[in-house]
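**Q** Spelled out from the first residue to the last, the chains are:
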Amino acid sequence: MSDIADTQGGQIHHPGAATYLTIAAFLVVLTAMEVTVFYVHALHPVLVPLLMVLAAAKFALVAMFYMHLKYDRWLLTGVFIFPLIIATLLLVSLILLFAYLSNHMAPIG
Amino acid sequence: MAAQPKTLPADQPSYLEGGGILGWLTTIDHKRVAVMYLVSALFFMALGGFEAMAIRVQLWRPDNHALSAATYNAFFTMHGTTMIFLVVMPLLLGFFGNFLIPLQIGARDVAFPRLNAASFWLALVAGILLHLGWIRGGLPDAGWFGYANLTERYFTPGLAIDWWVIGLLVSGASTVLTGLNFLTTIIAMRAPGMTYMRMPMFMWSLMVTSILILIAFPALTIGLIFLLFDRFFGTHFYVASAGATPILWQHLFWLFGHPEVYIMALPAFGIISEVIPTFSRKPLFGYPMMAYSICLIAFLSYGVWGHHMFATGMGPVADSAFAITSMLIAIPTGVKIFSWIATVWGGSLRMTTAFYFALGMLIEFTVGGLSGIMHASAPIDLQQTDSYFVVAHFHYVLFGGVMFTIMSAFYYWWPKITGRMLDERLGKWHFWLTVVGFNLTFFPMHFLGMWGMPRRTYTYGADMGWMRLNQLETIGAFILGIAFLFFYFNLFKSVASREQAPADPWDGRSLEWSTPSPPPAYNFATIPQIRGRDAWWILKYGHAGSRGVAAYMSGQAPSQPQPSQPASVEDIHMPAPSIFPLVLSLGVGMMGLGLIIDWYRIILIGAAVAVLSIVGMGFEYADFGEESHDPEHAPSSGGVDVRKIGMWSFIGSECVFFASLISTFIVYKSRSVSGPGPQILNIPLTSFSTFILLMSSLLMVLALAATQRGDKRWERIWLGGVIAFGLIFLGGQVYEFTSFYHEGMGLTTNLFSQSFFVLVGFHGAHVAIGVLWLSVLLAAAMTGKLGQSRALSVELAGLYWHFVDVVWIIIFTLVYLMQAVPGA
Amino acid sequence: MIGRGSNRYSIATIVMQIAIALAITGCSATDHPMTTLSPKSDLAQWIQSLYIDVTVWDAIILAIVVCAFILAVFVFSSRVGEAAPASTASSDLGLEIAWTLGPTLVLVMISVPTVRTIFRSQPAVAPAGALEIKVAAHQWWWEFDYPDGAKTGNELHIPANRPIRLLLASADIIHSFWVPQLGGKRDVVPGQINELTFVATVPGMYPGQCAEFCGLSHANMRFRVFVDSPDDFAKWDRAQLAGPAAIPATDLLALNGANVFANSPCTTCHMIQGISKGYIGPDLTHFGSRTTLAAGVLKNTPENVAKWIVNPQGTKPGANMPALLLPGPKMNALVAYLEGLK
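Protein chains in written order, with numbering that gives the first Met the number 0: chain A, 0 to 108; chain B, 0 to 823; chain C, 0 to 341.
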């Protein structure tokens, strides 16, 4: 944690170009894996969980390294994570509620 | 600061003095902004009150014709909309919140004073837009809850609902800006020593309310945007014949609507927790539990929206889940009631009007809370919902709970705000008339509801046996109206009087009472050091509360804490006034107006004005950004610039915004009646776009790194690269949309197309805004205005850019890859 | 009937019952025909029991709060200037745990019967022998379709003591079906079939009303439910299935009226079996047998029928039915004809 320094000026030392390039490489590889999963039929039974894990990994990499949450004060992570959890709960509960509702929907058309 | 002068010394003019009209129009002083909120809210409160009286006159007897059905429907719609969006929220947040946050946490202003002024002007523009129907198109008349599909243009043609949609969108924008401003202020700008557990409870409530605003309003915004698209652009987000369902509106609306109840109630809880200890001369009982219960209420309030929808047929599992979460809210609420009573218990009471209203609130709010437990039980709710029982319930909560508190707050803080006392004798009249009028108006509604009288009915049959109680209620409403006349007269009398109020008339406990009444523009000459809860009480009487009181009782004057003198008042830097907040709001107002009266030139001019004033505000901040260089500016931020906290709050709010859009897409994607589905999506193209956007994020962090090490050349190159990649992404999107259009998939083709275009289109709009933002930064870099010292400007733009990128990561997976799989 | 609540805390329940009875003078269904407190079906009865449960708990909590409030304000505190505060305690762990756990226990007591009632009142499939009636809500009237083909408007007839399953569908926007004495509301949502299942136990007439705001004449979207004995219901059903009542050859006025009707614009929207095929407005085949018209707003009398035909918007603002201005004799004939459609 030595690279969190100098709270006086509000500046936090961010990682250098090497870290950024490594992360970029990871992101490209993960995206390539996603697209591969999409085209390989054998993987389709596990498509949804697999894609979700890969997307979550990319999301986490960008948020932690490019958005510096890994280096910044935990306060900022909290300000972001709480609404993110709420947003996820919203997404899941709306999908569940409408899954029930669609059983009661009149036939379309 | 702590000297309590009877008159203001010449070198400390109050915030109210000077500047003239232009001074008020360009002010960014949180106290002046608060006063402007007050004036507009008092006006709208009179208007909303008039609508309520007209409603009560119409209900005087069965088959009455005092109002037409159309007028009655418009009046109950506008009564609700006005009281919630233009009276209660502006009074609690805009007026009391704005005025008191810096004063109670020991700061000189809020974190973003220009944004704060913009919030006010946007709120005023929203209020005006909501009422322009008086002039053209008629007042909104579909209820404050505006249930789709009644609000579709097919069922409600004309402009009335258009005004309502645009007005609420602008009001929502204003409120979200207030929320992130308040949250940042309370997190970052507390005086040294004021830990979270030493904050006044009002600050706790406003901090949590701000979070609630940030996560609740985006759902309303999305609901309104869908409605706007339906009404203006021919989509079918709420049209059953297209495969959609109007229930979607109810979910989005109540996802906002129930937290909204607590957005109004929590600040009231905070105020009561200030008033009761002051007038009981005791510290607040159970402070930690009070703080935790506020957090718990806020968290639970986001999970109970379904209890407004028990009758819609959500199924027994969802009904049970929402019933139980709704009941759980009663536990922390009960803790609050009991703790307030325990605070009074054993106190030395000073029976002022402010205290009367606070004590009145305890009982009236308890009644409202208990009837709320009934609705939480879904089967009971099926009898009570949409009946007058519910009208009784929420008026006990919102009038008995919140309005009583607002009145208490007026009597409590008015001397601080205006430097004039309110008349206590008139105040007691005001209180008793309010108690009698309020209970006479709303208690009988419980019985009318149990006797089956439905809400929102402009007339009723003579054979239903509802007339007697309705007449009683109308009499009560007029008594309540007279009570409000006493209130307005009291305000008028006080402002007209010349008698100076003391700085600390109630022997207060929190920091605002350490300033003169009214305070100077900069609030505190020196930022106070905080040594405990009830900061001002400790300064006056020392740490041991009881010893302090004993000294007080024996007639000893409180020891006057000696303030450390500033070198000179001129050393205090306050941000310069700005015309941009007002101009920005006018631009936004023009956009709304142009859309409604179908005059596209006005929309474009309005948009240009709005964008230019935002850019102007940005440069103003950069040029006059003394706040960020002032080490006293954000003492509790832990070194993080306030703008970064504000940015992250905004990003948090955007999470809910996109979650609402994405869930709509997932719910609707396969319910199209006809036309193309997800198979139309072009995976190779979007894979490339994804790659481009990811790489633009890489360039963005490289640009930041270059700026931070002062490398001007690479700063410009990387920034230009980000912009170029952003443009390539947008170009890809334009190509994608165009080819869909040629393959027969336009915006309104089917449910899949409209939820796809709106979701992906809004993401594209975010990218476009990012490109615009970065272009302004690049221009600044080219003219040498950026540089190492302003690296934060690049970092903020970067945070936004990366967020847009992570949203795309989600969209690429959920919208493209998962849906387009052949045979999936 | 007190309900299940009486078994567990009978004394409190009885006290509450008396209190409610005293507080509500004339809560009988005669004075207040839309009362929610006079259950006439199993569903309404379950809700009533739950309601009494919660009311008892609420009353106990309110009593505790008010007592504590009175003691705090008037007994265990002093006024400023009298004496120093008796206490400056700012926390008490025991008390705080008590007033967290107490309400939690109460909520458990309430939520168990709540969840039980929720599941009991929303059976996934229709009970055996249930009569399934399709209900269509329109701006601003109600249409009822029976499985045997009978069709009526704004007046629903159902047999007592037989499970009823209403299948609710909307023709335009969201409405809500509510007959307080027979149970709670169920919204009628476009694109969705909602169900309401109950057994009416007491024959009689129960007024209902749309309970979800549905535009201009939301207040005028009323209806009536007639719970008939099984015999009466069968008789009514048979009459509905038959065509319109034959006009006696001696009733020249009504015969003339039939002529007026057949040549009027009424036929565009209204059906009279064998005569017209309109379906936009209510079916009038048995109009004369109904007790009300204009969705329960007017009593079915010749004067009211004439008043309605001449100026529907006067009674029901926004109604789709156009005004029909007929000269006096023609109007009398038309009214006589319609009233004869038993």
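Each hint should be verified, as a subset may be incorrect.
As the list claims (entries may be wrong) - Here are some chain B residues pointing at chain C (derived, C-beta under 8 angstroms): (1) 16; (2) 245; (3) 260; (4) 336; (5) 341; (6) 613; (7) 614; (8) 617; (9) 618.
Calculated directly from the structure, the hints in this document are not laboratory data.
Cβ atoms here follow ideal geometry from the backbone N, Cα and C, with glycine treated the same way.
**Q** For this structure, which hints from the list above don't hold up?
**A** Violated hints: 1, 3, 6, 7, 8, 9; rest satisfied.
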